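Single-letter residue listing:
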Amino acid sequence: MKKEIIAGVFLLVILVACLINIYFISELTDEMIQLIEDAEKLASAESWETAAARIETALKLWTDKDGYTAVVLSHDDIDEATEALYELLSKINAQSIDDITGAAQIAITCFEHIATDEQISFSSVF
Amino acid sequence: MAISFIRTLIIFSAIIIAMRLMGKRQLGELEPSELVVAVLISDITSHPLQNNNSPLLYGLIPVFTLLCCEILISGATVKSIKFREFMCGTPSIIIEKGKLNQHEMKKNRLTIDELTVELRKKGILDISTVRHAILETDGSLSILPYPSEAPVTPRQMDLNVDDNGYPVILISDGRILENNLRALGKNLGWLNKQLNSKGIKHAAQVFIMAIDQNNNIYFAPKENRK
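Listed in order, the protein sequences are those of chains H and Z. If you count the first sequence from 1, position 7 lands on 7 in my numbering, and the numbers rise without skipping. If you count the second sequence from 1, position 211 lands on 211 in my numbering, and the numbers rise without skipping.
Because the hints were derived from the structure by calculation, they are not lab data. Computed from a predicted structure; not experimentally measured. Ideal Cβ positions, reconstructed from N, Cα and C, are used throughout, including at glycine. Just to be clear, a hint being listed does not mean it is correct.
As the list claims (entries may be wrong) - One-sided and incomplete, this derived list gives chain H residues near chain Z with beta-carbon spacing under 8 Å:
id	residue
1	7
2	10
3	41
Claimed, not checked - Distance windows between CB atoms, simulated:
id	chain 1	residue 1	chain 2	residue 2	range
4	H	13	Z	142	35 to 45 Å
5	H	12	Z	154	49 to 59 Å
6	Z	52	H	123	44 to 54 Å
To be verified - Within a straight-line C-alpha distance of at most 27 Å, the following computed DSSO-like cross-link-like pairs (lysine-lysine) qualify:
id	chain 1	residue 1	chain 2	residue 2
7	Z	97	Z	107
8	Z	97	Z	79
9	Z	99	Z	121
10	H	3	Z	121
11	Z	79	Z	106
12	Z	122	Z	97
13	Z	82	H	3
14	Z	222	H	2
15	Z	222	Z	186
16	Z	79	H	2
17	Z	121	Z	106
18	H	65	H	41
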């Protein structure tokens, strides 16, 4: 019986850890999307330095969490999101208004994809 | 390369731990739930081993989840007969008093060829000599012939048979198994004496040496091949 109780508790621990991970990833991606949207608005207002600072903050936040995200997320998804952020930063630094919207949308899509992949839903399960 | 190596070590350890915790039956006769776990574990763990872009946790979480599920299912099957029947099924009587139960054969998708193969493996050629043939929950076929068709036992013949007990290996591929030697109350001196009597100077020259409870020694020296 002791073995079964340990197995049940361990199963519960795995489940709780998965749920905490969903919450944590969702919070992180929301924060990233918010920073990208802010940067896009600032760039539209031609506030280039502040927009670049927002993306640098986003990059720092994203890379600082690398130890965690590398354990729980697909490495391809992490690389894709990082590349999208650098691409957006380069467009902001180049002050290329036409390209910024597209690059920002790609970066947002990357983070939305990461968030939805972690969510428990019919489409993600099946 | 280094990452693949470390991943392989971790996944290998996880599977070994999981298999050991599942018990010996996992390696031999499997119940359906055990078979599913064994097949799934090998498949799930191969993915993070082959793909370095996939986190190791994607392999470890399923392994430990399956392990916990298997332990819980095994515990429940021990406690509840109904649950055991649900998980493992019930044995099916395929032959009863020499008559084939075709309904059970159809239900279990057992062909007459498969049945005759199993009967031949047990040395039975005539179905009418079988009192009961039972298809067990692990897929094996238990065959019980009529008493008149069963092999005669020494007890039926009123014979006294020597019980030599379980033979214990003392030397395996040139290595002396000192624990077995001590368990029999023997020592290295006794072993060397036995070897000398067979013209052997050192245990390294022996392939296998075993002894039963009546001190009968089975001995095979190593072959000298070039």
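Hints, verified against the model:
1. 7: holds, 4 Å
2. 10: Nearest chain Z Cβ about 5 Å off; hint holds.
3. 41: Violated, about 34 Å.
4. H:13 / Z:142: 35 to 45 Å: Given a distance of about 42 Å, which is inside 35 to 45 Å, the answer is holds.
5. H:12 / Z:154: 49 to 59 Å: Roughly 56 Å apart at Cβ, these two residues keep to the hinted range, so it holds.
6. Z:52 / H:123: 44 to 54 Å: Hint violated: Cβ distance 27 Å, outside 44 to 54 Å.
7. Z:97 / Z:107: OK: residue 97 (chain Z) and residue 107 (chain Z) at ~20 Å, within 27 Å.
8. Z:97 / Z:79: violated, 33 Å
9. Z:99 / Z:121: holds, 19 Å
10. H:3 / Z:121: Violated, because 39 Å separates the two Cα atoms, which is more than 27 Å.
11. Z:79 / Z:106: violated, 31 Å
12. Z:122 / Z:97: holds, 17 Å
13. Z:82 / H:3: holds, 21 Å
14. Z:222 / H:2: violated, 49 Å
15. Z:222 / Z:186: holds, 23 Å
16. Z:79 / H:2: holds, 14 Å
17. Z:121 / Z:106: The hint holds at about 22 Å.
18. H:65 / H:41: holds, 25 Å
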